[in-house]
Amino acid sequence: MMKKRIPTHPGHILKEDILPHLGLSVTTAARELGISRQMLHRILNGSHPITPAMALRIGRFCDNDPAMWLRMQQAYDLWMAEIDLRDEIKKIPVHASVH
3 MMKKRIPTHP
13 GHILKEDILP
23 HLGLSVTTAA
33 RELGISRQML
43 HRILNGSHPI
53 TPAMALRIGR
63 FCDNDPAMWL
73 RMQQAYDLWM
83 AEIDLRDEIK
93 KIPVHASVH
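Numbering (this note's numbering), first residue to last: 3 to 101.
Derived from the structure by calculation, the hints contain no laboratory data.
You may find that some hints are simply not true.
[Said to hold, decoys possible] Distance condition first, Cα-Cα at most 25 Å in a straight line; then the derived SDA-like pairs of lysine to any residue:
#, residue 1, residue 2
1, K6, P22
2, K92, I8
3, K6, N47
4, K92, L80
5, K93, A77
6, K92, M82
7, K92, N47
8, K6, E84
9, K17, S27
10, K6, E18
11, K93, D79
All chains, full assembly: derive it from the sequences and hints.
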């Protein structure tokens, strides 16, 4: 069951909210995170996912919970998978609730 609006890729939150709030350039943020500028650009543009290792780095960088970054990535990934697999998923029969 899809929501009405696509979840925000966590990289966009870094790009639009966190880096401007901190007054940091991509170069400085990448250096502090211990990653390349190219990798950070891919994350900020939503073309690379937040991995568990990256969530640990960003959680430390932002002084917050790494699991939050993974949950945001998971919500985004699930939305995209639902779009990509919509027709295939509809073909799968629904069985009684199994608990």
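Practice problem: If any of the earlier hints don't hold here, list their numbers in rising order. | Solution: 1, 7
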